[in-house]
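Chemist: With the sequences and hints as input, model every part of the structure.
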Amino acid sequence: MSKGVLVDLTKCVGCGSCTVACKLYNGNAWDETTPTLGDKAKLTGKNWTVVHHKEVKDSNGQPVWRFVKQQCLHCKEPACVSACFAKAFQKTEAGPVIYYPHLCVGCRYCMVACPFNVPKYEWEKAFPLVTKCMMCSDKVEKGEAPACVSVCPADVFKFGEREELLKEAKAIIAKDAKYVKHIYGEEEVGGTDWIYISDVPFDQLGFKTNVTKRSLPSYTASFMHATPFVGITWGVILTGLYHYTKRRNQVSKENNKNIKA
Amino acid sequence: MASHAQAQKWSFRITPIRVLLLLLSAVAIGAIIFRLVTGLGTVTNLSDEWPWGLWIGFDVLCGVALAGGGYGTALIVHVLHKDYFHPIARSAMLTSLLGYLLVMAGLFLDIGQWFNFWRPFVSWGHHSVLFEVFWCVSCYTTVQVLEFGEIATERVGKQFHSIFKKALPVLMIVGIIFPTLHQSSLGALYLLMVDKLYPLWWSPIIFLFFLMSSFFVGPAMICVETTLAGKAYDHWIPIPILRKLVRISGYAMILYLIIKIVDLTNRGVLGLAFSGTFEANWFLIEMIFGIIIPIVIAFTGFSNSRSGLFTFGLLVSCGVVLNRMNVVVTGMIRSTGVSYVPSLWEFVVSAGLVAMGVLAYCFIVENFKILEHDNHSHAA
Amino acid sequence: MQNQADKEKERQVTRRGFLKMMGGIGLTGITATIAGCSTDPAGGKGWMPQQYQVASSFPVQVKGRIPIDPTNPSITRDDKKCVLCGQCVEVCQRVQTVYGYYELPIKDDITCVNCGQCTLWCPTAAITERDDIDKVVQALEDKSIHVVVQTAPATRVGLGEEFGMAPGSFVEGKQVAALKKLGFDAVFDTNFSADLTIFEEGTELIKRVTGALDEPLPQFTSCSPGWVKFCEYYYPDLLHHMSTCKSPQQMLGALVKTYYAKEKGISPDKIFSVSIMPCTAKKFEAARPEMNSAGKHAGKPELRDVDVVLTTRELARLIKSKGIDLTSLKDEKYDTLMGESTSAGLIFGATGGVMEAAIRSAYFLITKQEPPEALLNLTPIRGLQGCKEATVNIPGVGDVKVAVVHGLSNARPILEAVRKGDAPYHFIEFMCCPGGCISGGGQPRTSLPPSDEVRQARINSIYNADAHIYAKRKSHENKEVLALYEKFLESPNSHIAHELLHTHYEDRSKHLTVKKNA
Ligand code: SF4
Ligand code: SF4
Ligand code: SF4
Ligand code: SF4
Ligand code: SF4
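Residue numbers (the numbering used here), protein chains in the order written: chain A, 1 to 261; chain B, 1001 to 1380; chain C, 2001 to 2518.
Bear in mind the hints are in silico, worked out from the structure with no lab data behind them.
Every residue gets a Cβ at the ideal spot worked out from N, C-alpha and C, and that includes glycine.
Any given hint might turn out to be false.
Claimed, not checked - Using C-beta positions, here's what the derived DEER-type ranges look like: (1) B:LEU1270 with A:LYS246: 22 to 32 Å; (2) A:PRO101 with B:PRO1016: 45 to 55 Å; (3) C:GLU2453 with A:ALA174: 32 to 42 Å; (4) A:LYS246 with B:ASP1234: 32 to 42 Å; (5) B:THR1042 with C:SER2321: 30 to 40 Å; (6) B:TYR1084 with A:THR212: 42 to 52 Å; (7) B:LYS1158 with A:LEU241: 23 to 33 Å; (8) C:ASP2079 with B:THR1336: 26 to 36 Å.
Modeler: What follows is the structure, given as structure tokens:
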């Protein structure tokens, strides 16, 4: 069973406490050029989580503001983990997808692979590393909520077993008509440990909604499993062909009395 | 340098073009050192939106594809024993070897923690397609160096020549398995990008397209290369040999085209190709100039002339380059939302790597039996 | 006497205890340096409340913070300084009852009454006023612009603290001197327009009481912009109770670009109007779209009545940045025309002051007689008690019931009573900040949270000036105000007075979902 976080976007007031908590807990520097809150907020090598400001319309067509916290979704079957050829990305039992900098080669395949473009790179450094939210894994390991989750004054988050949270989310959106009938992260890319509910359709809030429901690693898994088999078979065929054609050439050469060597 | 001792015997002609190439290499080496010391951010236009750019797209993906001529030729000549093609075997394999060395260099430049490049040898991310690519490319390059050992020992370290000679068949077979695997897995790298890569390029069998195109681009590269080498060294491979090769390539391309259309139709995205979008146009350019016209050339009288063969080679090679760049850049623009133009230095380094390859090729051709090899080929 | 001495001793002890604690902190600092452990620059890493002093930079007890709209005209926050202590939530929710009093999801606004109390409570000064000093400096440097400044009643008992003086130090004359030194072309007193407010608001009240004006009682004071916005958000149905009078700041602003401009022969668009306020909400108020009466009057609606509002803290920074030492300045006088004031205007700065000033003059306006001495020391409505009330017998009218509340949490019960129709008052004074303007969100930060001792010292200073320093204690004695009516405004609540000195309010309830029975 893995832990997860349920994010109720209808409750977020955009205070940015979560982004500050992430900085404080992880000791990340403030990005001088990119804010963590507002219209210009962006995940960067230093910003592991940001809160976007969206001006949208609610179901009555009234203009409303919504705030969307973004961080790694901690996919159940993470593309980044399956992409990393050095095992620098790993999914823990408890749920967090974490990164071991000493193993990283810096190929950035993880960045290309993540369907949500979460991993970022320390471009300005001579020997850059990949960075992303690690769900405060040492806290989660102890059963504590991640730093950002623990500071929210507006009760946006619930931390717990993912499956429990999913049930809870289903109950909430079934009971309250204002919610859209979609739990983001329930099925996206095979399911994520952070799941979201909202009263405004997710595509208007900057969520990628056209993603596959299949887990991404499953796309490569069959390919990878076939590889050794293909390799060996191919080797056998080639060896066979080598001997067969060599022999055939010799035979034909002998037959034609056309031996040159 | 060992060459110093026998300086009078080694030859390297200096021509204006070569001076230019040397210059280019020198600038590139400067840029490379600068990049290795200061990081990627200072030299490249790569960003969080574009983690992969020209170096991965051109130096690595195209490099590997274009160097694919080596394993194709090895397959035809050494495994299928079509001795008919022997005259081109050595030069094709040399191009391939140099190509792979450059790919390794390109990769090395592109990784952020370059001192950590050996990590995947010990920390096995075996579920990663890149893991397969990494191992295959490393092994194949090693194999190719060994294969080249057979040629090199004709001149230096002659006492080892017979060992290499004996090992050659095994090396050849291993040297075909590896490229088959990684040519396809380079494509398979993009399997994960199902929601990011434009559907005209993303495909559940993208690896097959990568594999096939790396196969049919081999003869095309040989056409280009032999034309250039022919001009430079006045050494001409007979047209019929090349034409036969081009035909093999042509059949592969027809198959490729059919599979492509079937695949697009199956996924219901064939219509996208004619939707007039930015991606669609590039896709059509790639298919028409890189596949359809070359097929026509291959099976008409045009391929009976050197200019026809050269055109074929050029079109197919550029077509494959375009295909790889489309996958890395064009097909990703929409999902990324920002565009990417490589920096001057990225171009300089890429061009510099090619220049180094050409120079090395010239040097080796002038000092080892590469082109005139046909005289001796049947000795074994 | 004995008792007093004991108390004194006690206070000293606590102070000593405090100093000892500080000394202790200093001592550890020194030890660390000697042992070679600390490579930090002198001054350390800044002050952190006790509860955060644990290993790791992550506070033990974090509560989150209030949301602040990046376009908020009054306050901003430096994320780098925030330690998530939750003090801002504490003051916003408990003292001002703003945060947490609306339903989620929010609508299209981050509810904030701009009071700036959070700037006082924030232990790290992460939240501060929006700094507008540059705009003023620019105007001062432009010789073609005539820069006029007004100072609110309460800044003169606060500014001194920024220069090391005791809380409540009365620096009226020094403040004027500093402003003149800074190069302001005219220095006026908001006390003047406070006196003027008494005329306007008093007349309005009388009209309401006599039925000449068809608006309900009790009448609410309207000079505290944080309170006004609060009412617009949470009690829009009671806006009819709100006096239509602009705040003294906006009255003076409107007059600077009409009356003063006319008297001086300066074109209103060459005048730059600055106000020095103890309040961050004044920045919001000055920016309200309708606050351009002078401009409209002159046919140039783009002109603002007040161009820039500086808080007391900003003024202190401006003075310091020019190398002026406030403490050594010789007292100077306000400029004439709108510089005269009575202490009735002055006591606007303290909770209960508006009411007391109003009663002093209402008595006169109704009875045409000077109020008895007792009405000049209306102690029941002075002091820091949250809700105060008094009944004043005015001959001819009878008992007038008044109430005074300060701090928005204290406003809610009385507003609910008004809503239900069981508030027996004629007139209610509302001040957004606890203690009134003297501890407004723009006043000098004290050791936290703004302690009642400091508040009391500032209030005492105001009433001391009322009793002992000012020559006149009743607004209707202000000669310059009387001259203003004679030369320009005709009479209280005249047509032109309405045009320039009165305003209207906006129902803001559409921007939030008010929590029921919060
Ligand atoms: S969101 Fe991206 S980085 Fe996070 S676990 Fe999923 S694939 Fe990995
Ligand atoms: S950049 Fe590092 S973490 Fe990412 S895939 Fe490459 S080696 Fe793994
Ligand atoms: S879970 Fe931890 S690392 Fe991730 S965004 Fe929250 S605080 Fe940052
Ligand atoms: S702490 Fe909570 S309310 Fe504040 S921005 Fe984060 S999620 Fe929203
Ligand atoms: S009071 Fe200041 S430091 Fe504390 S949470 Fe609020 S902004 Fe942050």
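Chemist: Which numbered hints are broken by the structure, listed smallest first?
Modeler: Hints 1 and 3 are the ones this structure does not satisfy, whereas the remaining hints hold.
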